[in-house]
Every structure is written in C-alpha cells, then in structure tokens.
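Just need the whole structure built from these sequences, with the hints factored in.
If you're matching positions, the sequence shown starts at 1 in our numbering and goes up one per residue.
Calculated directly from the structure, the hints in this document are not laboratory data. None of these values were measured; they are calculated from a predicted model. Watch out, some of these pointers could steer you wrong.
Stated by the list, open to error - Quick list of the computed label-pair ranges, beta carbon to beta carbon:
{"id": "1", "residue 1": "Ala79", "residue 2": "Asp262", "range": "33 to 43 Å"}
{"id": "2", "residue 1": "Asp263", "residue 2": "Ala90", "range": "20 to 30 Å"}
{"id": "3", "residue 1": "Ala155", "residue 2": "Gly220", "range": "36 to 46 Å"}
{"id": "4", "residue 1": "Ile205", "residue 2": "Pro179", "range": "35 to 45 Å"}
Backbone N, C-alpha and C define an ideal beta-carbon position, used for all residues, glycine too.
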Amino acid sequence: MLRPRSGQGARVTFFELFFDLVFVFAITQLSHRLLEHLTVRGAAETLLLLLAVWWAWMYTCWTTNWFDPDHPVVRVMLAGVMLAGLFMAAMLPGAFGGDGLWFAAGYAAIQVGRTVFVVVATWGHELGRNFQRVLFWIALSAVAWIAGALVDDPALRTGIWVLAVVMEYLAPSHGYATPGLGRSSTADWSIDGAHMAERCQLFVIIALGEGVLVTGATLGGLHRTPAVVAAFVSAFAGAVALWWIYFDRTAEAAAERIAASDDPGRIGRSAYTYIHIVMIAGIIVGAVADELVIAHPAGHVEWGFVAVATGGPALFVAGHALFKKAVFGHFTGARLVALGVLALLAAAGPLLTPLALHIATGAVVVGVALWDVRARRRLEATAEPALVAEPAA
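In structure tokens, the structure reads:
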C-alpha cells in the first residue's frame, strides 16, 4: 500500500483530485459563513473552522504522500474520509449552533479514522511509531472537539475548540512527543517533496476558484451598472494577481527546493503544513470582499468591508513572504512595502467608497506581481541560466 519511492517524484493521482472536491465545498461554506457573520466573533469562529478543515485536508495530504491512492484499500479509506468530510463541510454553517456535535463528530471521524488506518497498515514498519505518536495527539484533540460540542455556551465551546486546535497544531512542532513512544524528528518523515508541493498548489487553486465562482455568480444576479462592472473587473484582476504572485515562479522553485532537500520533512512542515494556511485564509477573506464590492460598489464603507478588503490581500502577501522565507531563507522587500501600503489603506478606508478601496488594494497585489516579473527578468539578464532561482524581490 505504500508508494514506491523514485527519483522522479510521485504524481498526484486522479483520486486525489476527486478527493479535493469535498474541500471545494468546504471552502465555499467557509466563505459564505464569513460573509454572513462579518464581525470579530464571526471571523474568529470562521478561522477556527478553517483551521480544522485545513488540518483534515493536510493530514490526508501527508497520508497520500506515503500511501498509494491507487491501491484499492487506500481508495476505500480515502472514500470514507471524503464521506465524513462532506458531512463535516455540510455542518460548517451551524457548527457554533445546533450542528456543533455533528460537525465535531465528522471531523473526529476523519482524523481518528484515517490515523487508525495508517497505524494498522504500518504496524511493524519503520514509520509505525511515528503514526502511533500522531494517533495519541489526534485522539486527545478529538476528545476536546467532542467535549466542546456537548457544551451549549458558545464562549465555552469556542474555548474548548481553541484548545483542541492548539493541541493539534503544536503537536508536529514538538515531534508528537508521546509517553512511552518518544518523539519524532523531521528526518523521520521521509516525504516526497514534489508531491507535497503539488498538493498544496492545488489547494491554492481550489481557494482561488472559490473567488472566481463568487465573482461570476454575484455579477450574474445584478443589474450591470458601470460601477458593478468595474468591481467585477477589479475582483478578477485581483485573483489573477494572486495567482501570478504564487505560481509564476515561486511555486515551481519551491517544489524544486523541497524535492532536492536533505530534510524535506522540515520544509513540508513549516512552508506547506503551517504557512500555506495563511495564504488560503487571505484568499477566502478576499473572496468575501469581492462579493461585497460587486453587490455594493458605492456608498459608505463599513469597517467590516475595510477589514476584508485590506485583510485578505495582507494575509496572502504576508503568508507568501513567510513561505519564501521558509523555503529560500530570505524575506521580500516588495512584500513588506505592500503590507505597509495595505495598512495605510485600512486606516483611510472609511474615507473611500467600497469600489475605490477595492481597486486600491487590488493595485497593491498587482504591483507585487509586476515587481516579481521585473525582478525575475533582471536576475535572468545578469546571472548564468543555471544559477537563476527564486528572485529575492
């Protein structure tokens, strides 16, 4: 059932792409939930749910890095995860209400069920102890998820679920330290770096796709005034710029770096497992801003719109800067400048119309994309082709 390791790297299978469809739905649910609860509390709750959704997908990504999704038994396991994931995603809107227990049960079924499968499948294998440690922490957090769901008080439920998320997200950083089993090091996680990179790239596409769908669907239900059309164009231009920033060079160069690394588990943990969620969150928040500005391009700007219009691009740009730091070892000056400009726009937001603010924030990410193109061309013109790697822009 384990994937054969070769120097060329494992390909992403059709079943993995099929598996991702469940998370297309989950991202849509999260985007709509944030739109309907555009408050500090609503944003915090949506973030908590996003962290759970990401962890369910990411742990499955790690699993298919070792296990062959084309093996019939592995496919059956993945189909079970899909079923539980679809159920979990359907419960997202009411997770902090009457559907809390159903959501927690779906999430726990994904995490515990998949991990039990890999523990049994690797019993006696060199990877076995690693997965046994993972199961210990997954089981602990599952208890917290279920316990929180059984509490009616929203604040207490949130607190218990935050504890569950903290346990899960800290576990990899301390090597899943488990009584009687010790802890893992990143060297123990001999992953296929190219496969890990490609899977995360595809999740970025999923998130960008949600924004494109929202943009088109919102325009289709409105009278096409010049302001509405301008907002539509601004939303699409922003999506293209985000794609350009991530995929034009960085994604490919990062995949090459992790594939050639002596410790791909370290890069996989930091750059892909942890940091990518920041960019995903930025794309989702930006999609909410796109829908709002297309529906209401004129009038007074509310602070909620300021938060999503500037916060979405800021999260993406900050996440991308951290990603480049984790993979290539340097921060990016252009991205720091962009974050400063976005902060100024956030302060000035109430003085602008929604359309003007959205165009301004879109111009910032377009500017970052253009800067990257310029930096890459400058590097290619001054360096030997074999030495050209990720620009330090």
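Cross-check of the supplied hints:
For Ala79 and Asp262, the hinted distance range of 33 to 43 Å is satisfied, since their beta carbons lie about 36 Å from each other. Taken as a hint, the range 20 to 30 Å is violated for the pair Asp263 and Ala90, whose Cβ atoms sit roughly 39 Å apart. A hinted range of 36 to 46 Å holds for the C-beta pair Ala155 and Gly220, which are about 39 Å apart. In this structure the supplied range 35 to 45 Å holds for Ile205 paired with Pro179, their Cβ-Cβ distance being about 41 Å.
Against the hints set out earlier in the document, a violation occurs for number 2 only.
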